[in-house]
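Engineer: This is what each chain is made of:
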Amino acid sequence: MMDDQIVRITSRLVAPFIQLYGIYIILHGHLSPGGGFSGGAIFGASLVLIALSFNLEAGIKQISHQTASVLESGGALGFALTGLVAIAFGGNYLANRSAGFPLGEAGQFFSSGAILVITVFVGIKVASTITTLFYNIIEKEEPLGNHKQTD
Amino acid sequence: MEIISRLTENYFYLVAVILFVIGMHTMLTHSNMIKKVIAMNIMDSSVFLLFVAIGYRHGAQAPIIREGVDIVYANPLPGALIVTGIVVAVSVTAYALSIIVKIQRSYETVDCDEICELRSED
Amino acid sequence: MESAGHQPVLIIVLLLISAFIAPLLYRRWRFLSGAVVLAALTGSFITALLLLSKSGASSSLSYHLGNWPPPWGIELIIDPLRVYMLLVVTGVSLWIFIYALGDLKHELHNDVIGWYYSLYAVLVASMSAITLTNDLFNLFVLMEICAITACAIITIKDQRECLEAGFKYLIMSAMGTGCFLLGVAMIYMVTGYLNYSFIQSELSLALTDYPLNIFTAAALFIVAFGTKAALFPLHVWLPDAHAAAPSPSSAMLSGLVIKIYAFALFMIFYRVFPRSLLDTIPLNEIILWLGAMGVMFGSIYAMLQTDLKKMLAYSSISQIAFIFMGIGLDQPLALTGGLYHIMVHAFTKSTLFMSAGAIIYSTGVRRISDLGGIGKVLPLPLFAFTIGSASMIGLPGTGGLISKWYLALGTLETGRILFLLVILASSLLNAIYYMPIVINAFMSGEEFKEKVKIVPLSMQVTLAAGMILVVISGIFSRQVIIFFEQALTSLY
Numbered sequence: 001m002m003d004d005q006i007v008r009i010t011s012r013l014v015a016p017f018i019q020l021y022g023i024y025i026i027l028h029g030h031l032s033p034g035g036g037f038s039g040g041a042i043f044g045a046s047l048v049l050i051a052l053s054f055n056l057e058a059g060i061k062q063i064s065h066q067t068a069s070v071l072e073s074g075g076a077l078g079f080a081l082t083g084l085v086a087i088a089f090g091g092n093y094l095a096n097r098s099a100g101f102p103l104g105e106a107g108q109f110f111s112s113g114a115i116l117v118i119t120v121f122v123g124i125k126v127a128s129t130i131t132t133l134f135y136n137i138i139e140k141e142e143p144l145g146n147h148k149q150t151d
Numbered sequence: 152m153e154i155i156s157r158l159t160e161n162y163f164y165l166v167a168v169i170l171f172v173i174g175m176h177t178m179l180t181h182s183n184m185i186k187k188v189i190a191m192n193i194m195d196s197s198v199f200l201l202f203v204a205i206g207y208r209h210g211a212q213a214p215i216i217r218e219g220v221d222i223v224y225a226n227p228l229p230g231a232l233i234v235t236g237i238v239v240a241v242s243v244t245a246y247a248l249s250i251i252v253k254i255q256r257s258y259e260t261v262d263c264d265e266i267c268e269l270r271s272e273d
Numbered sequence: 274m275e276s277a278g279h280q281p282v283l284i285i286v287l288l289l290i291s292a293f294i295a296p297l298l299y300r301r302w303r304f305l306s307g308a309v310v311l312a313a314l315t316g317s318f319i320t321a322l323l324l325l326s327k328s329g330a331s332s333s334l335s336y337h338l339g340n341w342p343p344p345w346g347i348e349l350i351i352d353p354l355r356v357y358m359l360l361v362v363t364g365v366s367l368w369i370f371i372y373a374l375g376d377l378k379h380e381l382h383n384d385v386i387g388w389y390y391s392l393y394a395v396l397v398a399s400m401s402a403i404t405l406t407n408d409l410f411n412l413f414v415l416m417e418i419c420a421i422t423a424c425a426i427i428t429i430k431d432q433r434e435c436l437e438a439g440f441k442y443l444i445m446s447a448m449g450t451g452c453f454l455l456g457v458a459m460i461y462m463v464t465g466y467l468n469y470s471f472i473q474s475e476l477s478l479a480l481t482d483y484p485l486n487i488f489t490a491a492a493l494f495i496v497a498f499g500t501k502a503a504l505f506p507l508h509v510w511l512p513d514a515h516a517a518a519p520s521p522s523s524a525m526l527s528g529l530v531i532k533i534y535a536f537a538l539f540m541i542f543y544r545v546f547p548r549s550l551l552d553t554i555p556l557n558e559i560i561l562w563l564g565a566m567g568v569m570f571g572s573i574y575a576m577l578q579t580d581l582k583k584m585l586a587y588s589s590i591s592q593i594a595f596i597f598m599g600i601g602l603d604q605p606l607a608l609t610g611g612l613y614h615i616m617v618h619a620f621t622k623s624t625l626f627m628s629a630g631a632i633i634y635s636t637g638v639r640r641i642s643d644l645g646g647i648g649k650v651l652p653l654p655l656f657a658f659t660i661g662s663a664s665m666i667g668l669p670g671t672g673g674l675i676s677k678w679y680l681a682l683g684t685l686e687t688g689r690i691l692f693l694l695v696i697l698a699s700s701l702l703n704a705i706y707y708m709p710i711v712i713n714a715f716m717s718g719e720e721f722k723e724k725v726k727i728v729p730l731s732m733q734v735t736l737a738a739g740m741i742l743v744v745i746s747g748i749f750s751r752q753v754i755i756f757f758e759q760a761l762t763s764l765y
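Chains as they are written, first to last, in our numbering: chain A, 1 to 151; chain B, 152 to 273; chain C, 274 to 765.
Think of the hints as simulated: they come from the structure by calculation, not from any bench. Virtual Cβ for every residue (Gly too), placed ideally from N, Cα, C. Check the hints yourself; a few may be wrong.
As the list claims (entries may be wrong) - Listed next, the in silico DSS-like pairs over lysine-lysine satisfying Cα-Cα at most 30 Å (straight line): (1) C/Lys441 - B/Lys186; (2) C/Lys649 - C/Lys726; (3) C/Lys378 - C/Lys583; (4) C/Lys441 - C/Lys583; (5) B/Lys186 - C/Lys583.
Claimed, not checked - Each pair of labels, with its calculated beta carbon distance range: (6) B/Lys186 - A/Gln5: 34 to 40 Å; (7) A/Ala106 - B/Thr235: 22 to 28 Å; (8) C/Thr762 - B/Ala211: 52 to 58 Å; (9) C/Leu478 - B/Asp221: 27 to 33 Å; (10) B/Ala211 - C/Thr687: 24 to 30 Å; (11) B/Asn161 - C/Arg548: 25 to 31 Å; (12) B/Ser242 - C/Lys378: 41 to 47 Å; (13) C/Thr687 - B/Glu160: 24 to 30 Å.
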């Protein structure tokens, strides 16, 4: 954790824009290069940036460890369930057009059916995973119980 | 001479193989765990490079369809596959680093040889 | 090929969904989280049984993910051999999970058990998907998932040996998957396909034009799967990893995870490589010799161990090599033996690791020399251990005899007497290091001194089930062998 005014002010200024950019990349995954993973990584990086330049508490104020790991499971679950919805509509698993998802017109925002939904779920999953990974590594944990375990 | 001309034509394969060998050698011979993880990444990147290079075609453009334009497209499939490969490599790296953090906490070193010595003292 | 319904993908998705729900539930209702995974495992096992009745012994069904037909989309295939492997994977993992419900509480920190359930379900899902997939790149991704989760169920036990063993395993398997992806790149370069069936028809043409690429790919595949499945010179990660892990993880890793890679190699040899490639270069011969060396050296190393679980881990190296010998002999009878050994060894080694786990649970003893007289205080675990040892040696009435019998018939059929001797010698060596433990446990005059805890009911039930499974696989093997005979005719 850095104790530096310049770093703190800059990152506080920059973080919202990074987050907005991450959301943009996630939502435009079906139209332009990018998508759930890249956008989620950018969004997650902004949270990591805040936690790094202030301290862990500031990061946790943005999104707590608990919420992050719930979102992590939720994103993956959403992906899996979207695939099941396709089966309910009569297609194969993760089918898109043949399951009757509206494709819309190429180039429009609401197009490509299930891909947009899946991209959003992947974005949520990746952003929260990157945050939890960072929290897990940085959090102080109690020392290992079996420090002097003999073999 | 033929082999040299073949190599110069397909220099990206050569580079990929050299990187692969560097990565594998470092991974198996260096005792520092962080270096092992870096080497693992070099090795993976070399394979990704080789895979992406398969999709390369001379003078081709990005495979985005535009109406009425008839040009040569690069093969998009290797790129799409390698994005997945990169994600997998990232997760393996993150996991390996988190194990190293834990190992460092309990042995207070990240060097395999020193850990072996510590273990033999036990 | 007719459509398969949605069952193949439901097996995988069911397990994955349970894996995502389990850690969420574990925060509030600890009991439910285990129950969800248990239900998903049961459901996938029942689905696999339904698939068996659907596919029978000769037909094959295919499932196209997302309605994309191959070669564009990912294809899952249901054929007799894959259904067999799927049944072994889902059945054995269900059985081990019931054991884990009892054992984990004392091996792991209480907060991480929910995550353990989750990892376990992802591991089983990835293994089922490896058996079903018909796509090389899909196989790569699944292998990485399998490797990460397999490492994670070792390192989740927060001890330094586990962390170190897990790291070693992770690095070795990262090397393996790196080699595998390079091999896939080589194949994709000359064929332009990733689907097994399309590659197979394309490779026989490409073999004349680009032999070097294909030979390199074959070599890389052998290294990749050899590392992952602990084939002899590449086995160094296995003993530490399997010995340090919590007992249910050891049973899982030794019983299923290494075998899934042997099965994947088998699939690559017979479903991806055309027959002409196997005839051109002696791939089977290489596997055969490495397997034979693995059988011998695994047994010899196992004799030198003083730690019970480490001995079992080294014994796994020698037993997995039997499966590779079956592939190496390249002959229907030997393949029958090798494939049957997948199931037998999954039953046997899991039983052995479970009884070792029960011994450690109730007494804390790990050293072989301290086990004298333990049979009187812990009759059931040691009885299970005895049955398991008998199957390892290949005594009549146990599954070990059947698989070794068919392997031996295969060596006779091909006229390779040397390998028959290897099989016999290994049985003898197994007897040398398993029997003293059993004899010492039951017949030694000394009293067992350590304090003894009572083994939980779920562990006792699974141990008893293990004994029954080992014996059933020895007595009622006829049906399975006939099933293999029909299934293997499609390969030759």
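Engineer: Assuming the hint says 25 to 31 Å, is it satisfied by the Cβ distance from B/Asn161 to C/Arg548 or not?
Structural biologist: Distance hint for B/Asn161, C/Arg548 holds at roughly 30 Å.
Engineer: Starting from C/Lys441, check that the Cα of B/Lys186 is at most 30 Å away, please.
Structural biologist: holds (14 Å)
Engineer: Given a hinted range of 27 to 33 Å, is it respected by the beta-carbon distance of C/Leu478 and B/Asp221?
Structural biologist: holds (30 Å)
Engineer: B/Lys186 and A/Gln5, beta-carbon distance inside 34 to 40 Å?
Structural biologist: holds (36 Å)
Engineer: Between C/Thr762 and B/Ala211, does the C-beta distance stay in 52 to 58 Å?
Structural biologist: The hinted range 52 to 58 Å is violated for C/Thr762 and B/Ala211, with Cβ atoms some 46 Å apart.
Engineer: Below or equal to 30 Å on CA atoms is what counts here, so check B/Lys186 against C/Lys583.
Structural biologist: holds (29 Å)
Engineer: Check whether the Cα positions of C/Lys378 and C/Lys583 lie no farther apart than 30 Å.
Structural biologist: OK: C/Lys378 and C/Lys583 at ~22 Å, within 30 Å.
Engineer: Taken at face value, is the distance from the CA of C/Lys583 to the CA of C/Lys441 at most 30 Å?
Structural biologist: holds (16 Å)
Engineer: Please verify whether C/Lys649 and C/Lys726 have alpha carbons no more than 30 Å apart.
Structural biologist: Satisfied, since the Cα-Cα distance of roughly 14 Å is no more than 30 Å.
Engineer: Check the following: the C-beta atoms of A/Ala106 and B/Thr235 are separated by a distance inside 22 to 28 Å.
Structural biologist: holds (24 Å)
Engineer: Cβ-Cβ distance between B/Ser242 and C/Lys378: within 41 to 47 Å?
Structural biologist: Since the Cβ atoms of B/Ser242 and C/Lys378 sit about 29 Å apart, the hinted range of 41 to 47 Å is violated.
Engineer: Looking only at beta-carbon atoms, does the pair B/Ala211, C/Thr687 fall within the given range of 24 to 30 Å?
Structural biologist: Violated: the Cβ-Cβ distance is about 51 Å, outside 24 to 30 Å.
Of the hints listed earlier, those the structure fails to meet are numbers 8, 10, 12 and 13, in rising order.
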